Amino acid sequence: MAIAIALVVLVLGSVLFHIFTPWWLPPLASNWKTMDDTLFITVVITGLFFVVISLFVAYTLWRFRHREGSRAAYEPDNHRLERRLIVITSVGIAALLAPGLWVYADYVSPPSEAMTLEVLGQQWRWRFRFPGPDGQLGGSDARFVSGANPFGLDPSDTRGADDILVDDNEVRLPLNRPVNVVLRSHDVLHDFYVPHFRSRMNIVPGQVSSFWFTPTKAGRYEALCAQLCGVGHPDMRGFVRVEEGAAFDTWLAAQPTFAGLRAAAAAPAAASADPATVGRTLAQSKGCTACHSVDGAPSVGPTWKGLFGKQENLEGGGTVHVDEAFLRTFIRNPQSRDIKGFPNVMPAVPVTDAELDALVAYIQALR
Amino acid sequence: MSIAGTLPLNDRPAPAAIGLWVFIGVASALFGLFLAAYAMRMDQAPDWTRLALPWQLWLSTALLVAGSVLLSQAASGSSRSTLIGAGVCAVAFVISQFWAWQALADARVSFTGNPAASFFYLLTAMHGLHVAGGLIAWARVLRRPARERVALLARYWHFLLALWLVLFAALGWLTPQIVAFICGRGWA
Amino acid sequence: MSYADDHHHEHDDHAPKSWFYRYVWSQDHKVIAVQYASIAILVGLIGLVLSNLMRLQIGYPGQFEFINAERYYQYVTMHGMIMVIYLLTALFLGGFGNYLIPLMIGARDMVFPYMNMLSVWVYFLSVLILLASFFIPGGPTGGGWTLYPPAVILPGTPGHDGGIILMLVSLVVFIVATTMGGLNYVTTVLQARCRGMTLMRMPLSVWGIFVATILALLAFPALFVSGVMMLLDETAGTSFFMPALVSMGQVTDYKGGSPLLFQHLFWFFGHPEVYIVALPAFGLVSDLISVHARKAIFGYRTMVWAIVIIGGLSFVVWAHHMFVAGMNPWFGFFFATSTLIIAVPTAIKVYNWALTLWRGDIHMTVPMLFALAFLMTFVLGGLTGLFLGNVSVDIPLSGTYFVVAHFHMVMGVAPLLVVFGAIYHWYPKIFGRMLNDTIGMWHFWITFLGTYVIYFPMHYLGVLGMPRRYHHYTDYQFIPPSAHVLNELITIAALIVGAAQLLFVFNLVWSLKHGRVANSNPWRAASLEWFTPHSPPHHGNWGATLPTVHRWAYAYSVPGAKEDFIAQNAPAADGGQEPSQDHEPRQVPA
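Chains as they are written, first to last, in our numbering: chain X, 1 to 367; chain H, 1 to 188; chain W, 1 to 590.
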């Protein structure tokens, strides 16, 4: 009888677990309540089937367990019963599918008044772009990607000149305005997922994908990468800050445009630019900060804070003193050493001697 | 099918015949999927350039047809030399394929540059491997010829010919326009 | 009238004599079956260890320094691939298929015994190639068992320059082995059934494996196609799946390829693959339930049709794995509908298993316990599939632990419970001894309750939004500390369940010499495999004369019969014929 009891206990336990679980949907911060409602309907219908079938089986096991002299009935089929069960099941399935498809029809049709946000996924960080006053995003392609143009924007496309570039892992959105999120990647698959918003989509290099939602609650929400993209996948944490429209507009106005950044890059370097300052700009533009933090936060590569002068452990034993000579050799040839605790994936990004000076100076300044 | 369970064993079709049909089914699934991938890739590429197929492929086709004809004759009981002739045609087919590859290489059509070329080499290589497998079977039948075994060999040869015709047509004449039409996007 | 044999089949006196040809280079389907099963179980234990290593990292993040991100993703990938392909597929088709099909249909062996023998050695070779990737520089691939490009062949993913090549080569070799085996199973079922054994008299075990084999023959080519094309992208620089991209700051030469093309091909294989695992489990569990409840499987014809329909539909649901992949959004409507439709024949099977038990005479043997545990865990796992198949509900759940919990429950736990039950059931046939019941009971309870504790709560972590394939969750504020505590508890349960499998392995080996000697039909089953002249069966299975059957395999508790079962090959006059469609007594040609 233990098995019948076990089934009943498991069913009851599961129902109680469901009722009292502290782990459920994070508080909804978008318009997609219909998704949560459909989830609820699914829980109810499937839960009902689960409980009924399991308890029926438990009862059957108890009632028809083998005893001395017992014999099974001979009942090889019952077409009427089977037909009825097929009908009931089909009704249950339809009851699940109908709301699901109805919500989906909404999901694939972004409202025409939605604003546009582009999310650029890259191993292993996020960048964001808004269309400027012309309401259109400029063209982009992997072949334009460089240290100075990490978004890969087409310089000859005039629509892109006024695009607003957010070269950061955090983006802001205005409250209660629908937004069509357009997704791109120049390298591998990613997925921009904010659980509080429910909606999301994979990012596929070579094409553009999208999803839409309306943020309905102010707050700062964590964004995850939800499609395995290499060893830095768990480190691709982004943020979406939802705030009142006025505050958002102020913030947006303060962000650089593509044309603005190109002008700044073309301008001769300021006379008093000390190497560390130049190094800081280079660290951004060459993509170093994709894997190295400057504030001590763990990332794909070692943090630069306190790096200079450190005794760094090597894979397979031994240590190395991180001094200027080491940094100069290592940046030029990252595969020369295997640092313990970090994947050996640093690319050899081309740097001129002057750039190398600047970078080393910057790292030294962060001790 | 349910009758087979009650037929005496001697009256049923030989297992080898069924086995061959199943294998033909598997190979058809394989090439069907390759062709689906080919069509999808054609659809994706913004600038698909069709390959000009080298004339050697017509020779290949003729050799396969000859092989099939000879094997049909061998299956209906003609001499051993017919059977050998069919094998020679198949070997010549494989050589003509390499010749075609050489012609493309001479025209600087590389494996990696152009997806149409990648698929050309891949699909012809796959088909060629199946022909090579057929040649192994042919060698075994040659050692111990029997009416049924030659008949099965002939069936496989006809399959390889039919497959080749489909591949040849796809590689030579399938266009992004046709694919778009099949995918329900109208005729551009 | 004795039934004359086809001269191709071998008799006992043609059995090989030397140890090498009997047990190693053997063409006997029974030996090949045990070879398949042994290799599969051994490689499955490796997969189990890998899963425990993964759980150590998730439960105790950072405390096992050697499980860094690279190694973690390598374990994730190898665990998944080993379990799905090298354990479950090989075990159900190569192990159970090889052993049971000829015996259950009254054949002497598979119709192509030499090719059958080659298939297990080619399978073994594929396993060696796969495991070799642990020993090459860079180690195995770490792109997830789904091996999605572009990442899997680019820097940033472990094994991108070596491990992935071995993985793909191993898969291609495996597909060759499966095709060789599959040709055998299908042709044998179609051609080598004994007299009286119509298709609709075959046990459901055979139907499940037969349809699964057809699925395998048609679906594995898709994996072959995608594997070969990816191998070329990796080694030759073609752009089948690789768009123009920038990898680690370097612009690459790829252009124009489509990552989604890989996904469509992979899942065109991948979805039928789960039914290649599930359908044999469905068939086997039907037989376990009917034998141990002494009752004919309820609705046999419906069960057969359900297997066939599920098999057919399994080819048109694949893109439910791609609802958030970025494919054409309109596909979502179609695939959600087809996916939910496939739930109907599956539910019918569940009802019929329950109705078989109803008014049965249920013996709580170890095989029956495993069959019952299958029923409950499969219902749970199948129902959570409805969440994921319903496209808009899938959107927030995709890529989270909800998916991990679902597929482990429905593909890992449920079919594996059937594997255990089936081995406890047929072991006496294969080896002439019973497996130890006490060890069996311990193994059962720890495994059933333990896996429930592991995977049921895991669904809720997924609803919370906890993503899968994460090496660590440090700093993610939306995940409460209690979730990390739950992960620790799940890890402890996983370690216990993992250790308990050693009980099973011990039982298998110990009982070979010390198990209670079994008679030829210890469970008093009706199906044909229990009625060979010798038990365990000798080479050629049936002695001088092939059997003739006069009824289906489910003549249990027939009213008026002396015993509560009638052997499938007992004389026709003993009764117990299958229910006929036209309510006329079935005539069998003399």
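It should be emphasised that the hints constitute simulated quantities derived from the structure, not laboratory data. In this text the structure is predicted, and so the values were computed from the model without any measurement. Any given hint could turn out to be false.
[To be verified] To list a few chain X residues with every Cβ distance to chain W over 12 Å, as calculated: (1) A72; (2) V103; (3) A114; (4) T281.
[Claimed, not checked] Derived CB-CB ranges, DEER-like: (5) W:V308 x H:G184: 25 to 31 Å; (6) W:H472 x X:R143: 31 to 37 Å; (7) X:V52 x W:P571: 42 to 48 Å; (8) X:V9 x W:M200: 49 to 55 Å; (9) X:N344 x H:G184: 34 to 40 Å; (10) H:S28 x X:T216: 35 to 41 Å; (11) W:H514 x H:V91: 55 to 61 Å; (12) X:P155 x H:R50: 30 to 36 Å; (13) W:S38 x X:L16: 24 to 30 Å; (14) X:R143 x H:R50: 22 to 28 Å; (15) W:W121 x X:Q284: 52 to 58 Å; (16) W:V308 x X:G219: 36 to 42 Å; (17) W:V308 x H:S76: 36 to 42 Å; (18) W:E65 x X:G219: 32 to 38 Å.
Heads up, the beta-carbon is just placed ideally off N, CA and C, and yes, glycines get one too.
Enumerated hints in conflict with the structure, sorted upward: When the structure is compared with the hints, numbers 1, 2, 8, 9, 10, 13 and 16 turn out to be violated.
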